[in-house]
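Undergrad: Line by line, the protein sequences give chains A and B.
Mapping the first sequence onto this note's numbering, position 41 (from 1) lands on 41, and the numbers just tick up by one.
Mapping the second sequence onto this note's numbering, position 40 (from 1) lands on 40, and the numbers just tick up by one.
Calculated directly from the structure, the hints in this document are not laboratory data.
All figures in this text were calculated on a predicted structure; none of them were measured in a lab.
Hints are not guaranteed to be accurate.
Same chains, same label: a pair holds when it works inside one copy or across any pair of copies.
Here are the computed lysine to any residue pairs in the SDA-like style, where the Cα-Cα straight-line distance is at most 20 Å [said to hold, decoys possible]:
{"id": "1", "residue 1": "K134", "residue 2": "W168"}
{"id": "2", "residue 1": "K126", "residue 2": "A35"}
{"id": "3", "residue 1": "K134", "residue 2": "R170"}
{"id": "4", "residue 1": "K134", "residue 2": "D103"}
{"id": "5", "residue 1": "K104", "residue 2": "G48"}
{"id": "6", "residue 1": "K95", "residue 2": "D34"}
{"id": "7", "residue 1": "K93", "residue 2": "G47"}
{"id": "8", "residue 1": "K126", "residue 2": "D169"}
{"id": "9", "residue 1": "K134", "residue 2": "G24"}
{"id": "10", "residue 1": "K39", "residue 2": "D108"}
{"id": "11", "residue 1": "K93", "residue 2": "E110"}
{"id": "12", "residue 1": "K39", "residue 2": "E115"}
{"id": "13", "residue 1": "K126", "residue 2": "E97"}
{"id": "14", "residue 1": "K95", "residue 2": "K134"}
{"id": "15", "residue 1": "K134", "residue 2": "Q171"}
{"id": "16", "residue 1": "K95", "residue 2": "P114"}
{"id": "17", "residue 1": "K93", "residue 2": "T76"}
{"id": "18", "residue 1": "K19", "residue 2": "P164"}
{"id": "19", "residue 1": "K126", "residue 2": "R170"}
{"id": "20", "residue 1": "K19", "residue 2": "D169"}
{"id": "21", "residue 1": "K19", "residue 2": "Y141"}
{"id": "22", "residue 1": "K104", "residue 2": "M130"}
{"id": "23", "residue 1": "K95", "residue 2": "G129"}
There are 2 protein chains.
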Amino acid sequence: MANNIIEQTATLLTPESLKAHWQGHRGLSRRILDAFPEKELFEFSIGGMRPYALLALEMIDLAEGGVKGLATGDWTMGDGAPRHYGQSDNGIKTKAELLALWDKVTADIERYYPEIAPERWQQVEKAFGMYENKGIGTLQYLIDNEIHHRGQGYVYLRALGIEPAPFWDRQ
Amino acid sequence: MANNIIEQTATLLTPESLKAHWQGHRGLSRRILDAFPEKELFEFSIGGMRPYALLALEMIDLAEGGVKGLATGDWTMGDGAPRHYGQSDNGIKTKAELLALWDKVTADIERYYPEIAPERWQQVEKAFGMYENKGIGTLQYLIDNEIHHRGQGYVYLRALGIEPAPFWDRQ
């Protein structure tokens with residue numbers, strides 16, 4: 001019983017503080033992306049894993065579709081265009097294109113996130129038409145997934161002899 | 001103004017849901033640790049990085065000291081014993097010892113976490129005597145740091161030809 005009272009009264013995160021946390025992580029992820037040499041970004045791999053360009057495209061797609069889905073309940077990506085990551089020829093050939101997409105999604109988050117209604121955080125639905133979760137769970141998943149793959153990017157960079165920005169440096 | 005009202009009324013996480021999220025991640029991290037062969041756990045490295053045993057010890061120490069510090073405000077680790085990770089000879093020589101330490105911390109979290117008072121989440125203090133943050137920010141940092149290093153463990157395992165448990169599998 002005591003625990004239930006604590007749960008009801010403790011404030012952990014506000015939508016605004018979670019957005020700042022998310023964008024802080026995305027700032028670091030962008031710097032890790034930018035630290036890759038052009039060729040290695042698209043080709044370097046360890047143990048048969050995806051090159052970092054594809055990991056970054058996954059981050060981009062999930063963030064873009066995630067914030068729009070959370071705000072609107074529409075998980076089809078609006079115009080029905082295939083996601084960048086899923087396209088066999090996604091047209092992304094350069095780091096500059098990836099960074100531009102990244103920055104577009106950063107702006108999308110600023111635009112759509114404030115439209116997420118308060119009740120959406122506890123509302124359960126199938127994110128991306130597939131992954132049943134509360135709104136907050138979906139967003140936690142997206143952020144955790146980005147941290148996970150970015151950590152892999154750290155290993156790629158170290159293997160390439162490049163020192164990545166420190167993990168705690170969020171801007 | 002509208003945004004302020006949303007922030008005050010939206011519930012994102014409760015202490016209990018955040019604990020479940022944390023322990024879910026720790027369950028996956030334990031399986032990644034357990035997936036390493038004994039020798040490679042302590043010796044395998046890419047790009048001059050730490051072997052996974054040391055990454056796991058960092059996770060263990062931060063989780064153990066973190067939950068106790070959040071609950072009690074005491075960041076000295078209680079008995080003043082050196083942290084496992086920081087010890088040049090930390091006495092940890094086997095995977096079984098690491099897993100036993102891991103499980104001890106899992107129990108510590110169940111014991112101490114319910115003692116974290118509601119106001120502690122927004123209270124700013126120097127975690128581990130060094131890192132000034134809100135309680136919630138400190139716990140987010142610990143979890144994110146574990147995801148980050150565990151993601152690196154995924155690369156180590158793939159490089160060793162071992163398929164890791166999927167990222168979404170949290171138990």
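Undergrad: If the cutoff is 20 Å on CA atoms, where do K126 and A35 land: within, between, both or neither? Let me know, please.
TA: neither (35 Å within a copy, 31 Å between copies)
Undergrad: I want to check one pair: K134 and R170. Are their C-alpha atoms no more than 20 Å apart within a copy, between two copies, both, or neither?
TA: Between copies only: 16 Å across chains, 26 Å inside a chain, cut-off 20 Å.
Undergrad: How do K126 and E97 come out at 20 Å by Cα distance, when the copy is not named: within, between, both, or neither?
TA: Classified as neither; 30 Å inside a copy, 41 Å across copies.
Undergrad: Have a look at K95 and G129 and pick one of within, between, both or neither, based on CA distance no larger than 20 Å.
TA: Intra 30 Å, inter 40 Å, cutoff 20 Å: neither.
Undergrad: Checking an output row: K126 and D169, CA cutoff 20 Å. Within, between, both or neither?
TA: between (33 Å within a copy, 17 Å between copies)
Undergrad: If the cutoff is 20 Å on CA atoms, where do K126 and R170 land: within, between, both or neither? Let me know, please.
TA: For K126 and R170, the Cα distance is within 20 Å only across copies (18 Å; inside one copy 30 Å).
Undergrad: Can you tell me if K95 and P114 fall within 20 Å by alpha carbon in one copy, between copies, both or neither?
TA: neither (29 Å within a copy, 46 Å between copies)
Undergrad: With 20 Å as the alpha-carbon cut-off, assign the pair K93 and G47 to within, between, both or neither.
TA: neither (23 Å within a copy, 27 Å between copies)
Undergrad: Should K93 paired with T76 be assigned to within, between, both, or neither, using CA atoms and 20 Å as the limit?
TA: Intra 25 Å, inter 51 Å, cutoff 20 Å: neither.
Undergrad: Tell me, please, which holds for K134 and G24 at an alpha-carbon limit of 20 Å: within, between, both or neither?
TA: Only across copies: K134 and G24 sit 16 Å apart there, 22 Å inside one copy, limit 20 Å.
Undergrad: Indicate which option fits the pair K104, M130 if close means a Cα-Cα distance not exceeding 20 Å: within, between, both or neither.
TA: neither (25 Å within a copy, 36 Å between copies)
Undergrad: How would you classify K134 and W168 at a CA-CA limit of 20 Å: within, between, both, or neither?
TA: between (28 Å within a copy, 15 Å between copies)
Going through the hint list in order, the structure does not satisfy hints 2, 4, 5, 7, 10, 11, 12, 13, 14, 16, 17, 18, 22, 23.
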